[in-house]
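Sequences and hints are given; from them, build the entire structure.
The primary structure of each chain is shown beneath.
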Amino acid sequence: MKTDYKKLAEQIVEKSIKKGATEAQCSIYDGVRFSVDVREGEVEQLISAGSTSLSLKIIVDNKVSTASTSDLSSKTIDELIENSIKKAKFLSKDEFSALPELEKIDFNIDSLKLYNDSAEKVSPNEKTKLAIELEKICVANKKITRSTGAGFSNSYGTTYLANSKGFSNSYKSSSCYIGVGLQAGEGDNLYEDGYYDSARSFKGLLSIDVIAKKAVDRTTRMIGARKIHTQNVPVVLEPEMSAQMLLGFLVECLSGSNIYMKRSFLAGKIGETVSSDIITLVDDPLIPGGRASVPFDRDGVPARKKTIIEKGVLKSYFLDNYSAKKLGMKPNGPGPTNLMLLPGNKSQQEIIHSVNKGLLLCSTIGQGTVPTSGDLSKGAYGIWIENGQLTYPVNEVTISGNLGTILKNIAMVGNDPDPRSSFSAPTLLISEMTISGK
Amino acid sequence: MQDYPRRDFLKHCGIGLGVVMTSNLWLNELLANPTKAVGDTLLANYFGFTKEQLKKLLEIGLSKGGEFAEMYFEYRISNNITYEEDIVKSASENIMLGVGTRVIKGSKFGYGYTSDLSFDKIKEAFIAAAAIADAPNSNKVANLNEKKIPNQFYSMQQPVSLASLEPKIDLIRRSYHSAKAYDSKIARVTSSIADEMQYILIVNSEGLIVSDVRPQVRLVVSATAEDGNTRNTGRGNAGGRVGLDFYEKIITPEQIGYQAAEEAVILLKAKDAPPGEMQVVLSKDESGVMIHEAVGHPLEADGAWKKTSIMWDKLGQLVANPIVTIYDDATIRDLRGTLNIDDEGVECNNVMLIEKGKLVGFLNDKLSAKILKHKENGHGRRQSYMHPPIPRMNNTVLAKGDSSPEEIIQSVKKGFYAVTYQGGMVSGTGKFTFSVNLGYMIENGRLTYPVKNATLIGTNIDILREIDMVGNDMGFFLGTCGKDGQSVPVTCGTPTLRINRMTVGGVA
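Protein sequence lines, in the order shown, are assigned to chains A and B. Quick note: the first sequence, position 198, residue 198 per this note's numbering, numbers continuous. Quick note: the second sequence, position 57, residue 1057 per this note's numbering, numbers continuous.
What the hints contain is simulated information worked out from the structure, not anything from laboratory work. Errors might be hidden in some of the hints.
[What the hints assert, rightly or not] Cβ-Cβ distance ranges computed for the label pairs, FRET-style:
no., chain 1, residue 1, chain 2, residue 2, range
1, A, LYS18, B, GLU1146, 43 to 51 Å
2, A, LYS136, B, ILE1371, 21 to 29 Å
3, B, GLY1475, A, ASN232, 29 to 37 Å
4, A, LYS142, B, ILE1250, 55 to 63 Å
No experiment lies behind these values; they were computed from the predicted model shown. Quick reminder that beta carbons are idealized off the backbone N, C-alpha and C, glycines included.
What follows is the structure, encoded as structure tokens:
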């Protein structure tokens, strides 16, 4: 018989209160995953499994202790509750440690279309064939040295959340992925890249022909890359880079915990101009079928659309219940979710044409981001721009700057956001960054 | 989500680590006497199954024509406590219990797992894994024989996971206040301790039954210094497969807090690095990350048989300056990456990788050893029962040389001295970066001013030839290594090194 996890979560909350917790919260995830990796036309690994996990938050007089387990036996759960209550008593009182007041979810969770069963209806065999076919199309290109593997995966499951403020809700969600990695080049001078897509539904994935073409183009365009001299030049970020590098770093600097801990250069900057006025950044967890759409956060705070930067002015941070209370602000629900830097009206070509000498940034490697100062420094791969035209590929250089300055130096915004990931942004022109090379 | 096969090394990726739970009978006994557990207790219990049941399950694994079947049972308790803003802010506990089933056929494998340790659920997981093969069953399960661990390389004295809360809170409180007291410019400090105890049992169709009990602890301090509008964060950390006494005998929590605060305050005065190619000296403290990225990953045997590593065809060739010798030794006592047996039950030892510049070995798991026809060398590791084993590093070390560190710095007319790192990353093609948190400029053989946030970039084939001075000192760096979506604890060691030419990414 299938366990009623909604009921179980509620019972655990109840039990925790009975045993001495002032407040309690329980979440359970019950899901299934499938993945197949293929290489050189053969299956390499096949993973298929179901798993369940439970996490618990216990608050005793504003002292918080958390626990999680993959063992859902009632004995383990009981012991976890008791341990957590015992442990909480050792901790320090923190007036901000409390569950949020119950807020009504004023939208229909089903309208978010988080779950689609189309991938479950496709047999493991077909999924495998699809990955093999994707790889085959790619390696048919003579410029491709080899594939590092293609894969298909999908998962689905249900998240349950209940707490002692009376919250109890759940949502079912699904996701699918298909992608391929490739190497191209001569001898020891190889380049690695690839392409992928992900979606809530099988039907939502890009066709393998489109993925293969992108993967081959992205990998082969780096063949013959050279190192260039150290210089300060304008840099054009491809949509993938605008999303991964720029937004990826920016969200770290906007996280509530980094703000109250002063580990972000954006701490205390609400209402100030933080970027050029052509930038507007919006986070919307309520997009139907959106890759990161979600109805409520870990504490049951309902999702809402929020403007983060409006025409260059910083409007809000990502605030969970705790960091919001610390900062004397209101929690604003789950975030970052579907984060969008709103597109402008320039095509990528127009943007490249506007650059006399500069770099089209295609991918980066390495960490090199410091939220406290905003400093950014990464290994870079790109294509050199000369007189508004793309010329030769560039590698073994680094790109550096400070995020505060980079945001203010965004001179053009493209009309081509990359829809594949939950962070979406178009091509951007940064008027100056340092390239270190020879 | 899957990603392209880039490997990375993160200095402070906190793995949620464990309080003592006693949910099973055999565990009660185990926890009461962890030292004994290494010997017989766990073996006598087989995670609640009899030898006959285990054998039956393995037979189900082979029923579709698989050549090798295996079960990896895991029970792990982890704890994390954080001290911040003058209070113990949070405490967490994580329990992981489950079994992973694997069936190999040729060079492919199927994998299943479950957190429900009932015979039927494991059978289901095995049926999922067995689907990799599609032939009549022709292979037999050997008689199961218990194997004792030959050597014990980690300390089972005072395991941190079995300690009560007070001494742990005391450690983080002391490190926190040490960082705070360092300088009035220290604005914020976070100090946390993460510990775990992992109990594993490996049973396979070759007849092996073996178990291991692995402690792990790490204390991490992060300090932010503030001066006007300038803010910087420094970090300190120490730990390993050690007990509580480590923080008295080897390094005190005060020293860890001091390290973090000192780095943060120095960074306030640090300038941007001048960009371009120059001589680079890597300090002993954390530069092992270079060896890990530039040499370790390309020498994992999966990249060799798949030919995706730039080193796959270079066995026996001179790939580095002959002053360079590199090995991976999982048996160095008490280190973060140390293991008695790997996650396939193969005994760990010291594996020579590059000897006097010549490539002599790869780190393998059972599958890659079989395909390459190499001897198994005990480097199959996995993040948890939910992950299949793959070739990984443990403690990767560049052997000591002859030069004193002073002599190396004095030899540089104009160059860059790298001290602490955020981490490193490498692609299969051998291109790597290291993100330097704190460094110094060297002018006329002397350190001049501090430099922040520079990226070093290169290709492993080039850098191994450019190492032209090797120090007679040695430092170890604790990290968490990510590969194919799996994180495992590792250590890497290096003496002070001079690299003749390398690109330093800075700001002009």
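Against the structure, the hints:
no.	hint	result
1	A/LYS18 / B/GLU1146: 43 to 51 Å	holds (44 Å)
2	A/LYS136 / B/ILE1371: 21 to 29 Å	holds (22 Å)
3	B/GLY1475 / A/ASN232: 29 to 37 Å	holds (35 Å)
4	A/LYS142 / B/ILE1250: 55 to 63 Å	holds (57 Å)
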